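Trainee: What follows is the residue order along each chain.
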Amino acid sequence: AQSVTQPDIHITVSEGASLELRCNYSYGATPYLFWYVQSPGQGLQLLLKYFSGDTLVQGIKGFEAEFKRSQSSFNLRKPSVHWSDAAEYFCAAVAGGTSYGKLTFGQGTILTVHP
Amino acid sequence: NAGVTQTPKFQVLKTGQSMTLQCAQDMNHEYMSWYRQDPGMGLRLIHYSVGAGITDQGEVPNGYNVSRSTTEDFPLRLLSAAPSQTSVYFCASSYYPLAGGLPDTQYFGPGTRLTVL
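Residue numbers (the numbering used here), protein chains in the order written: chain A, 1 to 115; chain B, 1 to 117.
These are calculated hints, taken from the structure and not from any lab test. Model, not experiment: these values are computed from the prediction. Careful, some of the hints might be misleading.
Distance condition first, Cα-Cα at most 25 angstroms in a straight line; then the derived SDA-like pairs of lysine to any residue [as the list claims (entries may be wrong)]:
1. A:Lys102 - B:Arg113
2. A:Lys102 - B:Leu102
3. A:Lys61 - B:Leu102
4. A:Lys102 - B:Leu117
5. A:Lys49 - B:Ala2
6. A:Lys102 - B:Lys14
7. A:Lys102 - B:Glu59
8. A:Lys61 - A:Ser39
9. A:Lys102 - B:Thr15
10. A:Lys102 - B:Leu13
11. B:Lys14 - B:His29
12. B:Lys9 - A:Ala86
13. B:Lys9 - A:Lys49
14. A:Lys102 - B:Val88
15. A:Lys102 - B:Val12
16. B:Lys9 - A:Val37
17. A:Lys49 - B:Tyr95
18. A:Lys102 - B:Leu78
Which chain B residues face chain A? A few, computed with CB under 7 angstroms, are given here [claimed, not checked]:
19. Gly42
20. Gly109
21. Pro110
Virtual Cβ for every residue (Gly too), placed ideally from N, Cα, C.
Could you put the whole structure together from the sequences, leaning on the hints where they help?
Mentor: This is the structure in structure tokens:
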């Protein structure tokens, strides 16, 4: 079965520290990959997406993600975290073809930022 | 543009009651979908629609009905609410796949928090 796994339920970092959120996928073929952020009480906002090509993808708010086919991973990174980055982060994937809209989400990673 | 709107924001139901969660978008998106979010489980797809008059089931469709009579609206109906349906519900919309079949970005509404007692 197709799945997306985020191994870390909760991550705490200090403001200004670097951040890496992990995401692994299990699909027959490489899916399309996304990272979303959800602030408390809000809907989801797209940070970045990977379809093909350059494996390092730049997104909004200073985030980037690296696709590694050999590891079936799509990890999210940020060089210096700001207090406003505290939120829940979701990795998601969708297979190609007629599945284009059916996102499969990971369990989410809650990010806490200490001052 | 208002984007994707959902009403109500909060709702409490008793077991066995019925209700409709409303979702509307003003972006002329063909594709609309409903997800539920439960702690530790991410979001799971309930139903989706690729256009007016066309709907299909997602991963967790049991206990929910949908219809799509217009491009703008995609209501989700709970016919007989159960405590297991306590969750946060999100509606999303997007255009059809981009050229080459690439999925378009899905835009999410602010959510409806439903409690079933």
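Trainee: Would you check whether Gly42 (chain B) satisfies its interface hint, that is, whether its CB is within less than 7 angstroms of any CB in chain A?
Mentor: This interface hint holds because 3 angstroms falls under the 7 angstroms limit.
Trainee: Going straight from one Cα to the other, do Lys61 (chain A) and Ser39 (chain A) come out at no more than 25 angstroms?
Mentor: Holds: Lys61 (chain A) and Ser39 (chain A) sit about 13 angstroms apart, inside 25 angstroms.
Trainee: Assess, step by step, whether the Cα of Lys9 (chain B) is no farther than 25 angstroms from the Cα of Val37 (chain A), and give holds or violated.
Mentor: holds, 19 angstroms
Trainee: With a cut-off of 25 angstroms on the C-alpha distance, tell me whether Lys9 (chain B) and Lys49 (chain A) pass.
Mentor: Violated, at about 28 angstroms.
Trainee: Given the hinted pair Lys102 (chain A) and Leu13 (chain B), is their Cα-Cα distance within 25 angstroms?
Mentor: violated, 28 angstroms
Trainee: When you check the alpha-carbon spacing of Lys102 (chain A) and Lys14 (chain B), does it fall within 25 angstroms?
Mentor: Given pair Lys102 (chain A), Lys14 (chain B) is violated - Cα atoms ~31 angstroms apart, limit 25 angstroms.
Trainee: Given Gly109 (chain B) as an interface hint, is its Cβ closer than 7 angstroms to any Cβ of chain A?
Mentor: holds, 5 angstroms
Trainee: For a C-alpha distance cap of 25 angstroms, please report whether Lys102 (chain A) and Leu117 (chain B) respect it.
Mentor: violated, 30 angstroms
Trainee: With the threshold set at 25 angstroms, check whether the alpha-carbon distance from Lys102 (chain A) to Glu59 (chain B) stays at or below it.
Mentor: Between Lys102 (chain A) and Glu59 (chain B) the Cα gap is close to 9 angstroms, so the pair holds against 25 angstroms.
Trainee: Take the C-alpha atoms of Lys49 (chain A) and Ala2 (chain B), compute the straight-line distance between them, and say whether it is at most 25 angstroms.
Mentor: The hint holds at about 23 angstroms.
Trainee: So if I understand the rule, the pair passes when the alpha-carbon distance is 25 angstroms or less; does Lys9 (chain B) with Ala86 (chain A) pass?
Mentor: holds, 23 angstroms
Trainee: Given the hint that Lys102 (chain A) pairs with Thr15 (chain B), test it: the Cα-Cα distance must not exceed 25 angstroms.
Mentor: Violated, because 29 angstroms separates the two Cα atoms, which is more than 25 angstroms.
Checked against the numbered hints given earlier, the structure breaks hints 4, 6, 9, 10, 11, 13, 15 and satisfies all the rest.
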